[in-house]
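Q: Listed below, chain by chain, are the residues.
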Amino acid sequence: MGRRDEWKQVQNSMYGEITKARSVEEREKVPDAACGLCKNFAENAYASDGRGLCKILKVGSNIAADPPVFVTAGEVGLPTMFNTDAAACAHYAKMDFIDTDGTEVADPGYRRVQRQMEGKGK
Amino acid sequence: MKYKESKNFFPYPENPQRGDYVERVVDPRQAYYKVKPVNAEDEIPESASEFQK
Amino acid sequence: MKCTECSFEAPVAKFRYLYNARIDASIALRQCPQCQAWLAVDELSGSVKQKVGPGEAPWGKSAGIEGLAEDAR
Amino acid sequence: MAQAAKIQESIEDLEKKQEWWWIAEKKRSKRLDYLRKAVWKKGAIGGNYAPGVKVDLEIPVLFTQMYNWWKFDPPMLRRAKANAHILDNMTIFITDHAQLVGYVGTTPNTLLWRIDGASMVNEELYNEPGVMPEPEQASLKKVADLNAAWAGQTAVDKVARILDPEDAVKFLSGAIGWGAPTSAYGYSGKDYEFLFAQRNGFLDIIEKIDEAIEKAEDRTMGAPGPDILPLYERLQNWDAMKMILEASIRYANRYARLARIIAENYETDPTRKEELIRLAETCEHVPAHAPRSLQESLQYDHFVQVLARIEALEGAWPARPDYYHWPMYHKDVNVEKNITREEALDLVGEFMIRAYEVGGFGPRWAREGLQGITGTWVWTLGGVNKDGTDACNDLTVAFLQAARMVRVANPTFAFRWHPKVADDVMREVFECIRHGLGYPSIRNDPVLIQNAMHWHGHPLEEARTWVHQACMSPCPTTKHGVQPMRMASATANCAKMVEYALHNGYDFVVQMQMGPKTGDAAKFKDFEEFFAAWVKQMEWLTNTLVRTVNLGRYKDPEFFGRPFLSATYERAVESGLDAVSPVGERGNCWITGFTWVENADSLAAVKKLVFDDKKYTMAELLDALRTNWEGREDMRLDFVKAPKWGNDDDYVDDIMLRCLREVARHSREIQCPCGNTWPLLPENVSGNIHYSSIVGALPNGRRLGDALYDGGISPGPGLDKKGPTAVLKSCGKIDHVGDGRAFLLNQRLSPTQLAGEKGYQLWKAYIKTWADLGLDHVQFNMVSDETLRAAQRDPEKYQEVIVRVAGYSAHFVDISRKTQDNIIQRTIQGI
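Protein chains in written order, with the working numbering: chain Z, 2 to 123; chain F, 109 to 161; chain L, 425 to 497; chain X, 14 to 844.
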């Protein structure tokens with residue numbers, strides 16, 4: 002696979018499926034083990050619409066598959082959303098606390114600024 | 109009530125079936141008049157209450 | 425390091441790093457992962473100097489932590 | 014109540030305490046007081062919108078209805094029809110006491126939502142706390158439906174699909190830059206020469222369009238050939254321009270009609286009735302015709318700004334109001350004496366307030382990077398005329414006086430200083446700064462005129478018309494000089510240059526291989542190898558951003574389309590091309606360099622401690638950086654103590670010059686769509702705070718999480734230890750013509766030291782040194798630590814304290830805690 006094809010794959014997984022039209026119910030649901038509650042989730046600082054990157058899993062992983070696929074080697078983290086269900090993820094580690102104070106500024110490691118995450122912090 | 113029955117409805121001279129419906133709003137910071145084009149025959153929604161000045 | 429508010433004890437790095445008082449002083453703000461208190465920490469000794477109330481105590485080269493982060497001019 | 018108590022205090026007492034905001038309340042007219050307090054602030058508090066501010070859903074619904082109806086039309090025509098539908102049907106309002114009208118939303122507390130800009134912004138809006146109009150559930154459903162209709166169909170979606178996928182992923186990581194490669198958001202210049210100097214009302218422009226159509230039709234109905242083929246598309250563009258101008262006149266007439274309805278049916282006060290009738294007459298005359306009075310002139314300008322913003326969410330407000338409104342001011346106040354100077358001040362003050370209330374929903378990075386404001390409304394004052402004579406006039410002074418009465422954080426002013434500026438004007442400039450507004454910033458007109466000629470080849474006469482296109486960059490207002498659209502995505506997070514040079518191009522924050530693999534830094538044998546890696550990372554970073562924005566600019570007429578902006582541009586009206594098309598433009602691009610000075614300070618620290626003194630190995634340093642200096646505080650302080658920019662120390666200043674000259678060389682290798690250069694312009698707005706948890710630890714002693722320096726060529730806060738002259742001397746080593754497009758310098762001065770006549774003379778002497786050294790910019794904060802700390806303790810009492818953040822001012826209470834602290838950390842220089 003050439004350079005362009007490799008990055009196209011990343012682009013698709015970052016901006017393809019993840020941004021398709023969703024219902025209000027899908028948008029509002031935050032599972033008990035959501036990626037946004039995991040300390041390995043880094044919120045994207047450009048598109049603050051809830052997408053982020055996993056700090057451990059790389060592109061090629063699929064935590065929705067049965068069995069899930071975990072790829073930890075590679076140059077780009079796995080794109081995921083704050084409310085992606087991570088129940089089947091072996092690397093899920095719930096944060097001790099999350100910071101939902103939107104009047105402070107970007108902190109990919111700790112801050113979650115989505116309305117749906119309000120009240121999810123300690 | 110229909111728009112055309114309100115004293116706050118001002119029909120367009122060239123097309124009286126359409127017109128401006130004026131509302132007075134006093135919000136926490138300022139007071140203003142607002143207006144938008146409506147059909148004379150349409151019902152005034154409850155949210156657009158009549159006002160007196 | 426021990427949180428002066430809730431007594432949570434862990435290595436300094438476990439306390440969320442927030443930001444510095446000024447770049448040329450060894451005082452930094454950290455947040456306790458257990459009680460979320462903001463703490464003024466001496467990074468040289470790894471000890472809490474005092475709690476910083478974000479809504480009350482002014483912060484900067486001396487405010488709120490007066491005497492802890494003097495101008496090193 | 015605190016306010017009632019303050020009103021009792023005398024102006025002298027308040028002056029002594031330097032509580033200028035209370036003085037302003039006492040001095041301004043009742044009208045200005047009402048209108049100033051009536052504004053719903055649209056700037057975000059840190060990253061969130063203020064309570065009560067809601068997204069406008071009426072406009073996106075109207076737009077989507079009509080845009081979908083005309084799905085087979087070409088871009089500009091389709092947008093003209095949809096936008097005309099908005100102008101004909103949106104709710105409009107007139108605030109009590111207002112003499113000027115026009116807003117980008119349907120009620121005063123609403124934010125414009127330009128739905129066709131970027132799906133990811135639309136998604137963000139759905140998730141944003143507090144901005145949905147009541148009832149919230151119904152609004153969420155409406156927004157979800159709108160988002161579904163636009164998913165993948167917006168301007169940014171279209172650009173992202175054709176970008177190289179590697180560039181797209183890296184740009185959208187949020188690590189190296191911001192902005193959006195589309196004119197849906199951006200900084201559009203206005204062709205003031207066409208509208209104001211040439212006195213063209215919209216009907217005059219329509220006449221020109223009709224002539225152009227007639228000429229083109231002569232050809233399309235004549236002998237066939239390849240040369241006539243592009244004209245078919247242009248004819249549709251002309252139709253679009255004409256259509257939106259006609260709709261704009263109807264929109265103004267809607268205000269006229271409302272004013273008359275209020276006057277005739279509701280208003281009982283005879284004075285206000287008269288005002289409303291005058292307002293109606295004004296809106297019947299402009300924008301259809303060229304203005305005849307100051308009120309019409311200001312109203313015309315405001316309509317142009319609002320109409321352009323309803324078409325696209327513009328992030329800047331280039332303007333030169335004392336120059337372009339002077340003829341009508343002079344006529345009304347001095348010649349015909351139609352209005353008094355006080356009445357003129359009321360209009361000027363309201364003109365500023367009308368701009369202050371404008372705001373649209375912006376993405377979080379923009380809110381965090383421009384905390385407290387909704388865009389950089391930097392208005393240009395002063396300067397020279399085309400023939401080089403002093404352009405300052407009584408309207409310049411009126412703007413400076415009105416600013417002290419209305420005390421808005423946006424717009425701010427930037428003053429084009431030159432040696433011929435009269436002392437009484439300089440005193441007015443100083444008074445604004447002394448009153449803590451943080452503006453005007455001072456710009457060196459002779460240097461910047463030369464700079465505009467050097468980088469972009471603008472002829473002297475055109476260069477002399479320059480206005481700030483955003484915070485800092487000069488742009489002429491002439492037919493070929495005016496830049497229709499500066500897309501902000503050429504805004505570089507420059508600290509990443511040195512960060513990537515240290516980590517072989519890998520970004521440990523976003524966990525991605527970003528820059529080129531320039532080698533394991535632990536194996537670098539000398540400083541030159543390290544510097545060479547820095548140069549490669551710099552070239553890669555600027556190339557990536559410029560490729561993105563060049564493509565966005567090139568494809569914008571197809572992916573977005575700006576009928577209104579085009580209709581107000583002489584060259585677009587003549588050519589029938591979208592104004593955003595590069596054809597006919599000379600080019601005036603610049604790369605905004607956020608977080609720039611960290612490069613020089615970091616490179617110098619590595620040179621000193623790793624390669625010269627050999628106190629630490631590179632491997633040790635890399636280890637300390639990757640663990641955020643944890644447990645290495647002693648080592649971190651050593652790196653802080655290494656030579657730092659701003660102390661007149663050649664060790665580090667020479668490195669700064671080397672860096673700048675490498676970028677300047679590369680600026681001529683990369684080209685804009687017009688074939689012109691891309692010089693660097695270091696400045697930060699509040700991007701230094703937005704990026705604080707995105708840029709990793711650096712060898713200047715900074716940790717991940719710490720605010721970056723406040724920007725431009727300003728020394729690190731508290732690191733300029735040798736006084737103000739040393740700062741000026743370091744900055745004066747830069748060639749402010751050839752090393753880049755402009756260089757922002759923040760300075761904090763003591764309000765106590767600069768009180769009274771003595772203070773003015775001290776400041777004037779400082780400005781003389783600044784000018785003699787050839788610096789192009791300086792701006793001042795003159796609010797004491799004491800006041801700022803008191804404002805942190807008791808924000809309710811200090812709502813009106815304004816500070817200079819970087820290229821803009823903001824209310825201190827509207828910026829995040831980290832930003833407030835960063836401002837307090839800046840050294841107060843005694844001069």
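Because the hints were derived from the structure by calculation, they are not lab data. Only a predicted model underlies this, so the values are computations on that prediction, with no experimental measurement involved. Check the hints yourself; a few may be wrong.
[Unchecked claim] Within a straight-line C-alpha distance of at most 20 angstroms, the following computed PhoX-like cross-link-like pairs (lysine-lysine) qualify:
1) F/Lys142 - X/Lys171
2) Z/Lys40 - L/Lys475
3) X/Lys627 - F/Lys142
[Unchecked claim] Far from chain X, some chain Z residues (derived; all Cβ distances over 10 angstroms):
4) Arg5
5) Ala46
6) Arg52
7) Ala65
8) Val70
9) Phe71
All C-beta atoms in this analysis are idealised placements derived from N, C-alpha and C, irrespective of residue type, glycine included.
Q: It remains to establish, for every hint, whether it holds in the given structure.
A: Against the structure, the hints:
1. Our distance criterion of 20 angstroms between C-alpha atoms is broken by F/Lys142 and X/Lys171, whose separation comes to about 37 angstroms.
2. For a cut-off of 20 angstroms, the pair hint linking Z/Lys40 to L/Lys475 is broken: about 25 angstroms separates their Cα positions.
3. Taken as a hint, the X/Lys627 and F/Lys142 pair is broken in the structure, with Cα atoms around 72 angstroms apart against an allowance of 20 angstroms.
4. Not every C-beta of chain X lies more than 10 angstroms from that of Z/Arg5, the closest at about 6 angstroms, which undercuts listing it as non-interface.
5. The beta carbon of Z/Ala46 sits about 3 angstroms from the closest Cβ of chain X, which is not more than 10 angstroms, so the claim that it is off the interface is violated.
6. Some Cβ of chain X comes within 10 angstroms of the Cβ of Z/Arg52; the nearest lies about 8 angstroms off, and the non-interface call is violated.
7. With a cut of 10 angstroms on Cβ distances, Z/Ala65 stays outside the contact zone with chain X, its closest approach being about 20 angstroms.
8. Non-interface status of Z/Val70 relative to chain X is upheld: no Cβ of that chain comes within 10 angstroms, the nearest being about 18 angstroms off.
9. Consistency note on Z/Phe71: stated as away from chain X, and its beta-carbon is indeed over 10 angstroms from all of that chain's, at 15 angstroms minimum.
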